[in-house]
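Q: Listed below, chain by chain, are the residues.
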Amino acid sequence: MPETAVAETGTELSPKELARRHGLTASGRLPSLPEYTRQLLSYRHFIQSHASAKMSSSLGSTKLGTVWQVLTPIINAAVYYLIFGVIIGTSKGIDNFPAYLCIGVFVFQFTQSIVQTGINAITGNLGLIRALHFPRASLPLSAALVEIRNFMVALLVLMGIVLITGEPITVEWLLLLPLLALQSLFNTGLAMFMARYGSKNRDIKQLIPFIMRFWMYGSAVLYPVTLFTEKLDGWQLALVEANPMLIFIELFRHALLENVTLAGTPTMLWIQALAWSAVVGIGGYVYFWRGEKGYGRG
Amino acid sequence: MADNELVPTVIADNAHIIYKVHSSASPGSGSPLASFKRLVTNTKAANVKEVHAVKGVSFTAYKGEAIGLIGSNGSGKSTLLRAVAGLLPVSKGAIYAAGQPSLLGVNAALMNELPGERNVELGCLAMGMSPAEVKAKKDEIIEFSGINERGDFSSYPMRTYSSGMAARLKFSIAAAKKHDVLLIDEALATGDAKFRRRSEQRVRELRAEAGTVFLVSHSEQSIRDTCDRCIWLESGLIRADGPTDEVMREYEAYMRK
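Protein sequences appear in the order of chains A and B. FYI, the numbering for the first sequence is 96 to 393, going by my numbering. FYI, the numbering for the second sequence is 3 to 259, going by my numbering.
Keep in mind that the hints are not guaranteed to be accurate.
Label-pair ranges, simulated between beta-carbon atoms [what the hints assert, rightly or not]:
no.	chain 1	residue 1	chain 2	residue 2	range
1	A	154	B	244	34 to 42 Å
2	A	169	B	91	43 to 51 Å
3	A	126	B	150	36 to 44 Å
4	A	248	B	157	23 to 31 Å
5	A	166	B	157	23 to 31 Å
6	B	93	A	324	52 to 60 Å
Calculated directly from the structure, the hints in this document are not laboratory data. From the three backbone atoms N, C-alpha and C, an ideal C-beta is built for every residue, glycine too.
Same shape as in the complex, but just chain A (with noise of 0.2 Å):
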C-alpha cells in the first residue's frame, strides 16, 4: 500500500513526462479508424442487446405489441391512397397505382424513421454515455437495426400488397436483397451522420420535419415521377434525379412492378445508387468516429 503516495508528487519529472514514461494518455485521446472499427465489431453483442431493448421498451407499453410492426405501414400506406389516389387522384397513367404509391411510402418511411432515431442515438442515451465506456457508434448502429427490422417487416407486407393488387412474381424480385443491403448502408451512414449533428445542434431536431416533407415532395413518393420530367428542365431536373431516395424508390418500383416509367435506365440506377450507399455509408461513419470523444461532454 503505498502511504507516502503524496510525497513523491515533487519528483524531478515533469508531468507530461512521467504520463509518458507510464504509457498514460490524454483522456479524450481518438482511435484510428481501424482500431476503433474493431472495438466496434467486438461490441456487436451490446449493438444487438440494445436494439432488441429499444425495440420491446418502445412496443412493450401497447396492447398489441409487435402487431403495430405490421400495422402502422399499412395504416400510412392506407391514408396516403386515400388522398392521393382517390380524392386528388394524381394516379393518371400508372397502372397499378396503389402498389406505386405503397412502395413510396414504404421506402420513405424507412429512411425517414432513420433520421428520427439516428437524430435522437446520441442525446436520447446521454446516461448511458456517461456512465459507460463503449464505443459510441453502437448508439446509432443500434437505432439503424431497430429501423431495418422494422423495414424487413413492412417489405414482407408490402410484398403483399403488391400480389394482392395483381403484379406477378418474377425473377426481378430478388433484386429486393442487394437494394436492402444498399440502402441499409445508406441508412446507417445517415443515422451515424444524424446522431453527430443532432448531439451538437439540438436545434435541428425542430427543423427535421420540415426537411423530411420536403424531401419526400422531392421524392416521388406521392405521385408518379414523370411529373418531374414534364414540369422541370435543366439543373432542376438533374438536381431532382440525383436525389437518392427518389433512385431507391424507382429501384424498388423496378424491382416489384411490371410496367413501371423510370426516372432513368435500371443500370443508371443502380450505379447511382452503389455510389450514394458507398459515400453516405461510409462519410457518415468517418464523421462520427471524429467526434468520438466528445460525445456526452458538456
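We have chain A; now place chain B onto it with these hints.
A: Chain B in isolation, oriented as in the chain A frame:
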C-alpha cells in the same frame, strides 16, 4: 528503481476546465424559425454562459490509492471527475489517465423502461463483457445490489425503483468489472447503511486489484472509511492534498467558520 511500486494512474497537469451552460431559453427561441435563423447565421444562443469551474489543478494519483475529493458545494469536484473520465474537455493544461476511467454517478441513468435484470445485461455488455461472462455474473450483481431483498424487483422496470435502489444497481453493475480508474460521484451516499458497508468493502477490493478509486462525497464518514488520501478543492483550486486525517481536520475547521 526505487519508485517501482508507485505507478501513476491519473496525472493532472495544471488543468483548467471551462464549460458552457445553457440557461433556460427565453420565450420564442425554441421555435423552428428562431432555430433556423441561428443555424443560418451560425450565432450562439444568447443564453450561453461560461463557467470557469476548475482553475489550474495538478495532482498525481497512484495505483492502489483511494482518493476522496472534498469541498463545499460548487467547488468543482464533480466537474474535475468528469474531466478525468474524459467527459469534459480540458481548456488548458492536461489530464493523463491509464486506460479508460469510468465515472459512476447518481444521475447516470440506464434504460428506465427496462427491468433491472435487462439493465444489468446491457450494462455488462456495454462494459465489454462477453455474453457468457454476463450470464455468469448477472445473478451475482443482482444479489450484490440487494434490490431483490423486498420482492422480485429485478424484473420490474427501473423507473419503478427508488433513487437508492437505482443507485445501488448502477454501482453494482459498474463494480462488477475491474477498472484501472473508478470515479464515484456520491453514488454510495444514496444507499442504506447496509449497502454502504458492502460497497465500501467492494471499493477496498477494487483498490487491492491495483485500481485507483476517486470518491466525491459529502459524507465525512464514508470518506474516512474508504480513502487514505484526500484532495480538498475550493473554488476550483486545490487547498490541501494529503492524508485523509490531516486534510479532514483542516476542512472541518474551515467549514465551522
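Q: Now tell me if each hint is right for this structure.
A: Against the structure, the hints come out as follows:
1. In this structure, residue 154(A) and residue 244(B) break the distance hint of 34 to 42 Å, their C-beta atoms being roughly 56 Å apart.
2. The hinted range of 43 to 51 Å is satisfied by residue 169(A) and residue 91(B), whose Cβ atoms lie roughly 48 Å apart.
3. Judged by the Cβ atoms, the range 36 to 44 Å given for residue 126(A) and residue 150(B) holds: they are separated by roughly 38 Å.
4. Checked against the given bound of 23 to 31 Å, the beta carbons of residue 248(A) and residue 157(B), roughly 28 Å apart, stay inside it.
5. Distance hint for residue 166(A) and residue 157(B): a CB-CB separation of about 28 Å, consistent with the stated range 23 to 31 Å.
6. Against the hinted window of 52 to 60 Å, the Cβ-Cβ separation of residue 93(B) and residue 324(A) comes to about 56 Å, which satisfies the hint.
Of the hints listed earlier, the one the structure fails to meet is number 1.
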